[in-house]
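Chemist: Sequence:
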Amino acid sequence: MDKTPQTLPRQSWTFSNEINSEIRRAAETGIYDIRGGGAKRRVPHFDDLLFLGASISRYPLEGYRERCDTSVTLGTRFAKKPIELKIPITIAGMSFGSLSANAKEALGRGASAAGTSTTTGDGGMTNEERGHSTQLVYQYLPSRYGMNPDDLRRADAIEVVVGQGAKPGGGGMLLGQKITQRVADMRSLPVGIDQRSACRHPDWTGPDDLEIKILELREITGWEKPIYIKIGGARPYYDTALAVKAGADVVVLDGMQGGTAATQDVFIEHVGQPTLACIRPAVQALQDLGMHRKVQLVVSGGIRTGADVAKALALGADAVSVGTAALIALGDNDPKWESEYQKLGSTTGAYDDWHEGRDPAGITTQDPELMKRLDPIAAGRRLRNYLNVMTLECQTIARACGKSHVHNLEPEDLCALTMEAAAMARVPLAGTDWYPGKAGF
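The numbering used here numbers the first residue of the sequence shown as 57 and each following residue consecutively.
Below, simulated DSSO-like cross-link-like pairs (lysine-lysine); rule was C-alpha separation at most 30 Å, straight line:
#, residue 1, residue 2
1, Lys350, Lys269
2, Lys350, Lys301
3, Lys428, Lys399
4, Lys399, Lys96
5, Lys392, Lys428
Please keep in mind that the hints were generated in silico from the structure rather than gathered at the bench. Being a predicted model, the structure only gives us computed values, none of them experimental.
Model the full structure from these sequences, guided by the hints.
Modeler: Shown next, in the form of structure tokens:
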């Protein structure tokens with residue numbers, strides 16, 4: 057009897073089950089896939105970096121006796137009233153429409169309790185958000201949905217969105233399931249009809265026009281509000297340089313791990329650069345212009361822990377911004393809702409269903425019954441706790457590196473575990489003093 061073991065056929069790496077499933081879906085429907093969330097592919101990220109703690113050559117700080125400051129001021133270049141934050145972690149722009157009113161209120165409550173700012177997003181400013189946000193950044197987007205001069209003046213800063221990390225060069229979508237009467241009224245849209253956001257501003261096409269727009273916004277707000285420029289992680293050196301030359305107070309740099317309410321899956325996975333690859337070119341642009349720390353750099357896209365915060369600061373950022381992580385802190389994609397996520401054809405942690413408006417957690421929905429599941433007071437406390445933990449983690453690392461302020465972290469405090477991360481972050485490969493492209497090698 058032949059007992060030779062039977063070898064199983066190997067699955068194609070090029071045509072995997074996931075790829076084949078998408079081919080069949082496209083063939084069946086004739087439309088491209090729309091989803092929410094961020095990139096799912098593995099790219100070099102902050103986990104590929106390690107800190108070099110103090111020993112003899114560096115002296116650590118004692119956590120119980122020696123202070124490590126975490127404060128940050130954003131908008132010191134031109135604004136009469138810069139934003140003063142207690143922590144270097146802010147809440148990214150997420151729209152009312154994409155999120156429920158309760159979720160926007162919870163973000164404002166949590167950010168304010170932690171001593172930081174939150175951001176509006178596409179679709180305008182809600183009273184829930186403004187009323188519970190000590191520091192609120194107003195996003196000025198290509199769509200102009202919900203934009204009005206009164207809300208510009210009510211804000212504490214203005215963020216002109218040129219690009220977003222999940223879709224640089226492209227616009228997003230809010231499906232008709234989320235266009236309720238209130239959302240429609242704020243955006244001057246018909247109820248229940250899919251809304252696509254524009255990919256570029258209607259009244260300017262380049263940096264010269266952007267300079268005029270920034271001056272216009274300053275005039276409207278009496279030169280009080282800091283003006284941020286948000287760019288997607290595509291060409292960070294040149295985009296940062298042009299934003300500075302146009303007059304920005306702050307540059308917000310969003311890498312491809314940043315999330316989105318909804319856009320094409322092909323955008324999320326195949327356009328833009330990893331956050332890790334974007335930071336050093338942006339910092340280099342600021343340094344070349346003599347503007348590093350004078351124009352603040354805020355980094356977003358896949359920030360999850362205090363270690364991520366510390367690494368971004370060490371690479372030259374002034375602060376970071378969190379979006380997806382903030383929603384998870386509020387209670388989104390919680391395993392307690394797994395059975396209901398499965399009814400949607402999804403699962404906890406997939407994040408694909410955020411755009412469909414049936415979120416069981418009551419966060420990414422406009423359904424009145426689902427919205428009731430989110431208590432904005434309790435959710436705000438959860439966000440505050442999360443932000444506090446991230447800050448303490450960042451402080452702990454800074455102290456271990458001998459720093460009395462988190463902004464004193466520097467590339468010399470880091471090493472890389474992979475060649476890719478070493479090249480992107482321009483820090484030495486662990487155990488060496490070399491990284492790919494280093495001058496003199």
